[in-house]
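Sequences are here, hints too, so could you generate the full structure?
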Amino acid sequence: MRRLIPLLLVPVLLAPAAPAAAASTNGPTATGYGGAVASVDPTATAAGLKVLRDGGNAVDAALAVAATLGVTEPFSSGIGGGGFFVYYDARTGRVSTLDGREAAPQSMGATAFVDPATGQPLAFQEARVSGLSAGVPGSLATWQEAARRWGSRPLAAALRPAAQVARDGFTVDATFNQQVKDNAAAFAQFGPTAQLFLPGGAPPAVGSTLRNPDLAATYDLVARRGTGVFYSGDVGRDIVSTVQHPPVAANPGQAWQYPIRPGGMTIDDLRAYDVRNPAPTRISYRGYDVYGMATPSSGGSTVGEALNILERSNLSKLEKTQALHRYLEASALAFADRNRYVGDYTPRPLLDALLTDGFAGERACQIDPAKALAKPVPPGNPDGRYDRHCATAPGGASPDKGQSTTNLTVADKWGNVVEYTLTIEQIGGNGIVVPGRGFLLNNELTDFNFTNTQGTADDPNLPGPGKRPRSSMAPTIVLQHGKPFLAVGSPGGSTIITTVLQILVNRLDLGMSLPQAVAAPRASQRNSVSVTAEPAFIASPEGTALAGLGHTFTPMAEIGAATAIEFLPHGKLLACAEPVRRGTGSAGTVR
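Read in order, the letters of the sequence shown are residues 48 to 638 in the working numbering.
Hint data in this document are derived by calculation from the structure and do not stem from the laboratory. Cβ coordinates follow ideal geometry from the N, Cα and C atoms, glycine included. Check before you lean on any hint, since a few could be wrong.
Simulated DEER-style distance windows between Cβ atoms [claimed, not checked]:
| id | residue 1 | residue 2 | range |
| --- | --- | --- | --- |
| 1 | Pro602 | Ala252 | 45 to 55 Å |
| 2 | Asp505 | Arg432 | 16 to 26 Å |
| 3 | Gln563 | Ala421 | 29 to 39 Å |
| 4 | Gly483 | Ser560 | 43 to 53 Å |
| 5 | Gly597 | Gly408 | 17 to 27 Å |
| 6 | Ala583 | Thr158 | 35 to 45 Å |
| 7 | Pro260 | Ser288 | 15 to 25 Å |
| 8 | Ala297 | Arg395 | 32 to 42 Å |
| 9 | Ala297 | Trp461 | 25 to 35 Å |
DSBU-like cross-link-like pairs, simulated, lysine-lysine; straight-line CA separation at most 30 Å [as the list claims (entries may be wrong)]:
| id | residue 1 | residue 2 |
| --- | --- | --- |
| 10 | Lys97 | Lys530 |
| 11 | Lys530 | Lys364 |
| 12 | Lys619 | Lys460 |
| 13 | Lys619 | Lys97 |
| 14 | Lys418 | Lys460 |
| 15 | Lys460 | Lys97 |
| 16 | Lys364 | Lys418 |
Laid out in structure tokens, this is it:
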């Protein structure tokens, strides 16, 4: 259970916020020593590097980055959301995980997203922009638990500098401006959201300074009084009131075609929230040990299964088109099994069965080098009997709606590593800022399937009381001979899985450096008729050749926004973030 430990006051010397200066010192790639940070935002990366330079460890720095991202990347992260935290402890050589995924209220049933008047599932935007979609947030509880278990400083030390950024403000960039534009109609429906993000009725201009004094005050309050004020105190009561009675504007500045539905979250739901610590998933791949998140994330199992399938081919000896063909087919096969079997309550023996070499061999025999499989492919049957012909089980596909989230990667001078993916689900969450508190609520519960997607079989991802929706977040740590070799993660909804998988294949099999592996054009096959791909992938010679094998493509401007750190010989670190996607990322080393 979560321990509500009062946070100690820690004096922190705060330099004036200077986002422009931070941006000039952190590019998308950095090499050096003494620790490293990679995130999507230069202000957040700078906050983490300062902690490392001041003697903090990887956990201390990761929490500072996460808290700052809650200010500067509020549409992708924050204390109104949740995430998955993967940690390598250099002293013990162990990889541990924290499940801070948002939870459904006890009042939520399997038909929560079905309109009782019509018997049909709600339109996605109707479900999303509502109190109905908000799960009990897990981020603050995760930060507290990580600080308690592995940090060298109390959580207050991470919150106070982030609060200062919220007070002083940060410079609005083109990505922030565009994200507000994309959400303007939803944001306009709620007074507190419009006041913060639509000042004067329009998105904040690029180059302007955005301040969030309410969030600064919330961070300060939690730093003084502990996370109990969020889960059972004044902030929690404000969250519940917002979910049950969304603060709809009297005269919204833009039209909205759906009713704003209330949710059923109670203060008891908040009080009952706990951070879980499941054993990580683990597979061996070409001499590396690959660790990821277990359920309710499907990231660890799906990345792991796909790698096990790919290990049946020597990708480094194949020409690139054939290597990418196998990558796409392995992704489709692993997604078929994810959709059929993986959810919050998947028994651990079943999850482990999906990651066995025998099952992977049975799935790999489906791949035809000469042509793409007809999609969607059916799931396999992880029954432990794999000494027979290729077999499949009945089942169907499952749509995924999430496109947001953010990721951070941190290593310290002692060799500890944090890979942390956090989210509020859609870009902008459910669109509702908690009045007087300065943070958006998540719409994580729309990650549940609205109706059964598995035909006559049970759907593992239907809503339920206290249940956590299936996630695609895939924070991943790779060890070689028991020591860190690579840590990587990404945002991007269900494309997170394929983004992480493709980066691993690029780096481990195709001979790319880490910056090349991150920058390479991406394609995402999630067991759908068409492969979602970036235009540069489709236009490449390999894209043309893959089309000749029967792959069809649907273009997407950008897929994912990864961060990663590679551990080089003699203690050197290579930190890497996106060079172009999402307005470029930010990486830095201590020295």
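#### Entry: Indices of hints not satisfied (ascending)
Of the numbered hints, 1, 8, 9, 14 do not hold.
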